[in-house]
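The primary structure of each chain is shown beneath.
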Amino acid sequence: MNTEAYWSIFINASLVNNFVLAYFLGICPFLGVSGKMETATKMGAAVTFVMLISSICAYGIHALLVAINAPFLQLISYIVVIASTVQLVEMFIKKMSPTLFRALGIFLPLITTNCAILGLALFQTSKAYSFSQSLVYASGAGIGFTLALILMAGIREQLEFAEVPNVVKGTALTLLVAGILSLTFMGFSGLG
Amino acid sequence: MSAGITKNAELNPTPSSTDEFIKGLWRENPVFVQVLGMCPVLAVSNTAVNALAMGLATAFVLLMSNVLVASLRNFIPKQVRIASFILIIATFVTIVDYAIQAISVDLHKNLGAFISLIVVNCLILSRAEAFASKNTIGKSIMDALGMGLGFVFALFCLGAVRELLGNGTLFDIEVFPGSFQEWIIMILPAGGFFTLALWLLLFNFFKTKKVQA
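Order-wise, the sequence lines are chains H and G.
Take the first sequence: its letters are residues 3 to 194, numbered as in my numbering.
Take the second sequence: its letters are residues 4 to 216, numbered as in my numbering.
Check each hint, because a few of them may be wrong.
[Claimed, not checked] Result set (BS3-like, lysine-lysine): computed pairs, CA atoms no more than 30 Å apart in a straight line:
{"id": "1", "chain 1": "H", "residue 1": "Lys97", "chain 2": "G", "residue 2": "Lys112"}
{"id": "2", "chain 1": "H", "residue 1": "Lys171", "chain 2": "G", "residue 2": "Lys213"}
{"id": "3", "chain 1": "G", "residue 1": "Lys112", "chain 2": "H", "residue 2": "Lys38"}
{"id": "4", "chain 1": "G", "residue 1": "Lys112", "chain 2": "H", "residue 2": "Lys129"}
{"id": "5", "chain 1": "H", "residue 1": "Lys96", "chain 2": "G", "residue 2": "Lys81"}
These are calculated hints, taken from the structure and not from any lab test.
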């Protein structure tokens with residue numbers, strides 16, 4: 003059993019070991035939907051929600067797999083649970099807000115292949131967190147992901163007005179900005 | 004070389020197997036051109052050995068899942084295809100995970116959760132969906148080999164630069180003299196972003212130059 007304090011888990015997951023900028027998890031949506039502030043915020047909220055649900059499910063599945071002594075099924079069962087959660091969220095958003103559904107586009111079903119979510123499930127299992135610790139970890143990771151996405155979207159909205167040489171335009175520029183953001187987040191590394 | 008390929012494709016509407024192989028290496032390189040599967044590319048490319056091991060593991064999963072998806076393509080119902088692809092991929096990743104653990108415990112520790120995370124590598128799913136589910140087994144094998152090697156090549160490009168500048172070594176052999184001041188930033192996360200950005204810049208530079216010429 004892990005005895006780490008809740009606040010330390012939260013700060014660690016959201017700032018010190020930010021999932022995007024320190025662990026490189028969830029880079030695809032980070033590069034893909036960080037163009038506009040509004041979409042970025044909603045994408046962050048959707049990912050945080052899926053993270054919480056799959057964290058709860060992963061905790062249950064892990065307990066079950068230990069009970070029936072079949073740890074090799076861990077990966078397969080996690081990914082199935084995540085895929086069904088994403089499907090659920092997709093149907094929910096489609097019903098509640100068709101505009102948001104269109105804005106998120108292909109990146110909504112792609113939350114399934116967002117490594118941040120599977121990574122979260124695997125990390126919480128390997129760190130042997132209790133149920134409440136897992137929930138804190140999931141919310142910290144989700145908020146950290148949203149924070150990185152919003153910061154990036156803010157910078158990119160400003161960059162729209164900057165004159166940039168043609169060669170640098172596109173992914174290369176986004177990656178350079180991400181590198182600088184990652185450097186900034188290293189400043190938190192004494193906190194955890 | 005690329006002019007020859009385009010000419011070949013014009014003459015022959017169904018591209019040959021060699022073309023399926025070569026396109027993944029350069030013209031449609033998964034990392035530098037399609038920008039797919041970024042997470043492992045950035046995370047484990049801090050040394051050349053890690054990068055190569057990760058690249059080979061991914062290439063193996065890609066090859067095996069492409070073969071299985073291509074051979075089952077007429078039996079998998081359209082509605083549940085993505086879920087079935089992911090299940091196939093997850094099975095092979097579990098095999099690779101246990102195999103690496105058996106070969107080298109140290110390597111397994113270095114790569115950590117990123118071996119399991121091959122499951123969610125968009126490159127593999129996109130090849131299954133875009134290619135293997137529509138083509139014969141033979142062609143899918145060529146496609147997987149090309150894309151896999153392209154991925155290994157790209158990972159190695161990143162890993163070699165980062166290890167060389169960040170540690171002064173290549174494959175743990177000292178390259179620079181002892182007085183070399185290591186660029187610590189290169190093996191930190193930020194260095195991953197910067198190195199990839201620089202490689203993309205290089206690729207863009209040559210592409211625009213070719214268009215102008």
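Hints, verified against the model:
Our distance criterion of 30 Å between C-alpha atoms is broken by lysine 97 (chain H) and lysine 112 (chain G), whose separation comes to about 44 Å. At roughly 17 Å between alpha-carbon atoms, lysine 171 (chain H) and lysine 213 (chain G) fall within 30 Å of each other, so this suggested pair holds. Proximity of lysine 112 (chain G) to lysine 38 (chain H) is assessed by CA-CA distance (about 38 Å); at most 30 Å being required, the pair is judged violated. Between lysine 112 (chain G) and lysine 129 (chain H), the direct Cα distance comes to roughly 14 Å. Compliance with the 30 Å bound is thereby established for this hinted pair.
In summary, the hint linking lysine 96 (chain H) to lysine 81 (chain G) is supported, as the alpha carbons are separated by about 21 Å, within the 30 Å threshold.
Against the hints set out earlier in the document, violations occur for numbers 1 and 3.
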